[in-house]
Amino acid sequence: MSTVIGVDVGGTFTDLVLRDARTGEIRVAKRPTTPSSPEAGVLAVVDAAAGPELLARCAYFVHGTTVGLNALLEPATATVGLITTAGFRDVLEIRRGDRDDPYDLFWTPPPPLVPRRLRLEVAERVAADGSVVAPLDPQDVRRAAAVFAAEGVDAVAIVLINAYANPAHENAVRDLLRAEGFDGEVSLSHEVSGEYREYERTCTTVVDALVRHRMGPYLTDLDRELRARGFAGRLLVTRSGGGALELDEATARPFETILSGPVAGAAATARLVEALGLDTAIAADVGGTSFDTALIEDGRLPMLYQGRVRGLPLQSPWVDVRSVGAGGGSVAYVDAGGLLRVGPRSAGAVPGPACYGRGGTEPTVTDAALHLGMIVPGRISGGIELSAEAAAAALAPLAAPCGLAGADEVAEGVVRIAAAHMAQAVRGITVEHGTDPRRAAVVAFGGAGPLFGCLIADELDVDTVVVPPNAGNFSAVGLMQADIVRGAARTLVRSLDDDAALREVAEVARALFARLGDSPDAERELDLDLRHRGQEHTLTVRADPEREDVAAIRERFTAAYHRAYGHQLTDPLEVVTVRATTRVRLDVDRRPVPAPGGGDAEAEAREVRLWSFRRAGFTRARALPRHALTAPAEGPLVVLEPTATTYVDAGFTVEPSTGGCLLITRKERSR
Amino acid sequence: MTVVRTVFTAPEPDRGGGREADPVTTEIVRQGLNAAADHMKRSLIRTAFSPIIYEALDFAVAFYDEDMCMLAQAPTLPAFMGTLGFCVRAAVDGVGGPDALAPGDVILYNDPYGTGSHPQDAAMVVPVFHAEELVGYAAIKAHWLDIGGKDPYCTDTLDVYQEGTIFPGVKLYDAGRLVTDVYRMILANSRMADMVIGDINAMVAGTRAGAEALAAIVARHGVETFRRCVARMYDHGEALVRAWFSALPDGVYTAASVIDSDGVSGRPIPFGVAVRVAGSRVEVDLTDCPDQVPGPINCPLPSTVAAARLAIAFLAGAGEQPNEGHFRPLELLTREGSLFHPTRPAPCFLYGIPADHAIELIIRSLAEGVPDSVPAASGGDINSLVWWGNRKDTGAPWADGAPHPVGQGASPRGDGASALMFLSESATRFTPAEVWEARNPWRIERLALAPDSGGPGRFRGGLGLDLSFRCLEDQYLTAALARTELEPWGLDGGLPGRPNRLTVEYPDGTAADYALRTRVPLPEGAVVHLRTGSGGGYGPPEERDPEAVRADLREGYITEEHAREHYPHAL
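Residue numbers (the UniProt record's numbering), protein chains in the order written: chain A, 1 to 671; chain B, 1 to 571.
Just so you know, the hints here were simulated from the structure itself, not pulled from any lab data. Heads up, some of the hints might be wrong.
Claimed, not checked - Label pairs and their in silico Cβ distance ranges: (1) Ala-123/A to Asp-393/B: 26 to 32 angstroms; (2) Val-147/A to Ala-188/B: 58 to 64 angstroms; (3) Asp-101/A to Arg-554/B: 26 to 32 angstroms.
Since this is a predicted model, take the numbers as computed values, not measurements. Cβ coordinates follow ideal geometry from the N, Cα and C atoms, glycine included.
Next comes chain A alone, as it looks inside the complex (with noise of 0.2 angstroms):
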């Protein structure tokens, strides 16, 4: 087993926690992120957490990091050029030709990342089957190539028509660009991505050669700056499709980084799980801004293969994490028509909810939980004292407007109504994968996340909501249990009916798994994006072209598309894009992660008054200390530790259970 050191830069805190080999000690840290200077915050929680003796005998750094994602939201970070098939350099603007808000009249797309006069076309055609249609005009490039070096532009993407199908003239073009002696960093749209849809495509080529060029130095730097602190291990990067990618691959694909923030929650939870044996899970991470969600079936981390940044799309493999605007600093309101309201809209770090006595008048969700007693008063993380007069005083004036009689009951109403919109993103990702949310159990972790297990639990209709050790620090624990993942992908349409067409996906499988480098420790896995003829959707399905024939491929997806949509069909079926993946296990202890010893000595169980949702009044009920809680307890009561509490409403029993874990269960139905 080695040592392992996990740091996740979040919005506002740089988490870190390290499982040292030799004393199984674990360890976390925590330092405010420094966004202008990301590394200046790693390196403090590092110096903050472990010696040069430590960092010496540390085999792993897994990173999560927000460089790539910032890299692309700051103006102008990089000068990018972009190529493209004559007749195509306007694909970038015109995108998809929607709106993201339907309904605004003035809505305008954001300007493209590409300036019109960087967009290039030289004339070429290639045909969805890979043939050529028109030969590549070198003068065009050569022309390109001068504009470029005249308006100073640092990296080329190089996007040409269903260039997934045939490679040869983007690579043409790219060695064109380098006899032209253009000597900054190159994107080629199939190397990228391999799928098609132009538009999705060319924004994510321009994605990856924007990011690369502050992702490199970035890592390069901070990988120098451990090395000088004695680590000799490996730095390896989170990837938005979970896993982590070594330094030089993280450097050569960044964009495939970019999603990785909330991805740590879902890969902990499904760790978690696998240990505790459950099959069914829902992560439920709960922050200051917003509800993270995923679904773990078998242990198995949900999939997409496109996601989403800042409106822009990129192919990309990411975990199939839901968000929705509601988290601790989400902030009440009632709106013109009379309604109690929370969300999306966030107090943030600044001001923060009105209890942290920084400035905020506007009561958040944070504010309801300390007026119901779920959040006890006093000192928290950042020496912030939370005010519980100051939380009254701003939920009081939202009772008039909605007829509520005070504030009470519009603390009551707004922790409810949270609770309802992260059960409704949990209905929504159930709904989709065809699972009955009832059989499942509540993951809860994030600050705020066991705050509220049992009400999910009971919005859901479900009986277990487990804990984890370190639930605030949760997403830096699935850090360090990581595997080395890489992955590849190509879009390839064709019927699937018979062995030969298999025998091609095959051969396709094998050329990406070439690409990744097979290491003989690495395990492969294939999946296919299967279809019903004229069908545009997927669904994604293991297989093994090698040794599985057509009938048992199309018995899977028929069994999964029934799971996911309520029935089935004869239809023939379709491939549409070959994906290739694989995985290298880390020899690290792969066990929960139990909570650093020590804790609160002086703490000690006491009285405190606490609201029930259950029966819809204050109680008086127990504040224990989660040391001091050795033997099934009943509700209400709340378990406090250092990174979070858990509240426990009447009807619901808590005891430790395996792993450090606090399990939640259900005893009595709501109604």
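Since the structure of chain A is provided, determine the placement of chain B on it from the hints.
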């Protein structure tokens, strides 16, 4: 002829005691209904066979209560906003009223006079029961590729019977059992039966999933609480809309325009709108129009209602998913037997042409009242093209169809956006060229913004789109283009943009333009050029910021020649 006033009154709160409903539970019910409608929408998108459903999102999904008032509608095609109420009522009446309904029923309905659109827009309605009591309906209306009619898409029909097979409210499933006679009727009447059957399965699965979700919401809260919350939810929707409407200054606002042609008579069709605002009440008057016309551009009442609602929603800033309460403050005046309220059997296949035109004209009429909220004209149409044929190698039938984006009008807020779908289809996406080429016998030769097309002004109109398809096999095209004659108007001294235009270049070197034309034969090697309309300009061009002109020149949105003609002050 009779003037008809259409008013929407959801049941008064005293029925369910809306004022006593708890605001928190009401909000939870409201959210739950909206989310369930959204799940029903996603289920349909993911299982549909027709690109018109999964790409163009040419459908609507909604829940209705037992009085056929709208509980929630997922954001889909704005043109269908609220139109499902008419067809839920007609569908249920068709099978004998609510008493004739049983759990497991699925009603099929596509009569244009009840759906508001052409027979291709077919509705599925599923009654929802809680403990054997009827508590509401789940409904989907979606565009089928073909359900008979003289052609897969028509621009020249003379009565509604030529436009498709009509199912006037029939049970497709009777208490859970497929009615095979009806199913076989559908199969026997579609040129694209396989695809239509796939879409029917998707719609049945979607409405059933929706019905389950609605039943679950009712079960969670209990029927009594649910109904009280719904009553309060309608009041809430009404209050929101009244708050928006109060912002419009009182007065009577008017505008007039001309539709190019009805596709049959070839004559231009003038019409006018009047909008009367008094406090939080808005009355839209569409009686100033010709009697119903010979060609298929008559707009049945449900779609006229949707057009009026949509125009007002765009202006008033409807950010919320609508329910029946949102519709209470709007009243509509139409004249029976006229363009905007035709009677059977007037043809209405292209009902969207007058509806879309009315939307923009209602918005324009209010320029005087709320100048900051009114842009110049857009390209003004969805530029529908429908293609079909038999594949050369296999003989297999194929069909495809799509709307196309247009430039948007400039406004006091800035330049118009380039190449966006027309307002009534604003969530619709344009199919990628690579998907098209993988599916249809085409090569897309050009997909580009059209320089110089935006109407000049202090703020420039958005650019139109230039799109060229080369036919790789023989095929047919039906073109349904409106606004090919009328230039997109500028406002406040801004100049007009370019109208829509379709040109076919034949292999023999000849060329022809088409606007509303059915079944144009396209031989292999023909190239179809679609040039979609652009947006009108806002304010005099000589007031345009010279830096903006130079930036347009630098990026190639305008040419030097255009700049010299319209913006000499900037050079």
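Practice problem: Output the numbers, in ascending order, of every earlier hint that fails for this structure. | Solution: Violated hints: none at all, because every hint is consistent with the structure.
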